[in-house]
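Colleague: Here are the chains, one letter per residue:
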Amino acid sequence: QKEVEQDPGPLSVPEGAIVSLNCTYSNSAFQYFMWYRQYSRKGPELLMYTYSSGNKEDGRFTAQVDKSSKYISLFIRDSQPSDSATYLCAMSGGTYKYIFGTGTRLKVLA
Amino acid sequence: GAGVSQSPRYKVAKRGQDVALRCDPISGHVSLFWYQQALGQGPEFLTYFQNEAQLDKSGLPSDRFFAERPEGSVSTLKIQRTQQEDSAVYLCASSPRRLAGADTQYFGPGTRLTVL
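The listed protein sequences correspond, in order, to chains R and B.
If you read the first sequence in our numbering, its first letter stands for residue 502, the second for the next number, and so on.
If you read the second sequence in our numbering, its first letter stands for residue 169, the second for the next number, and so on.
Treat the hints with care, since some could be wrong.
[Stated by the list, open to error] Partner residues aside, some chain R positions facing chain B, computed with beta carbon under 7 angstroms: (1) Gly544; (2) Pro545; (3) Leu547; (4) Tyr597; (5) Gly602.
These are computed hints drawn from the structure, not numbers from a lab.
Note that the Cβ used here is the ideal one computed from N, Cα and C, for glycine as well.
Based on the provided sequences and hints, a complete structural model is requested.
Modeller: Take a look at the structure:
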């Protein structure tokens, strides 16, 4: 079993929909949770960075962390075709070693 | 401002050839990381530099992989006697602080290596 599990998708939604992306993890030492967006043939770009449990909002993006369930989510409101990309969750126990999920491919249809 | 840059962007090598992949981190960033991203997978940690010191190379898959950062800025990842299983995207990331903790890592565009 991998430390971080993420559904690879693809997930297809119509423009304007609310998108929910999720990761589960097994290591209770993880305290830092990140979401990266990766466009095709590009490097990952940081979207959200969260410490411990709770919610964090930035524009159309909301990150949620539920440490009791070892479950994190990224919500995208009013999704746009430009949001079409692979979304990677990443986690750390406080060190520089990030553990990434496999990524979920998202397609937002115009 | 300039981000992390990597070159070449694409590299095709015949099995058994040596390759060298270059990373230019964000100016002034102390920490530098190399990751390997196989097709359809997330990035996997290879090695970590703090300035010129390689503090962690636990993720390097074999002794054919070697990384250096001699002056604490540009880094090179070298793969000797390439094998087909080395085909992947090699990502470089940098971070402004020492030991980085869980500091934000800024990624470059990657070098896509294909070994025939």
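Colleague: Quick check: which numbered hints come out false for this structure?
Modeller: none
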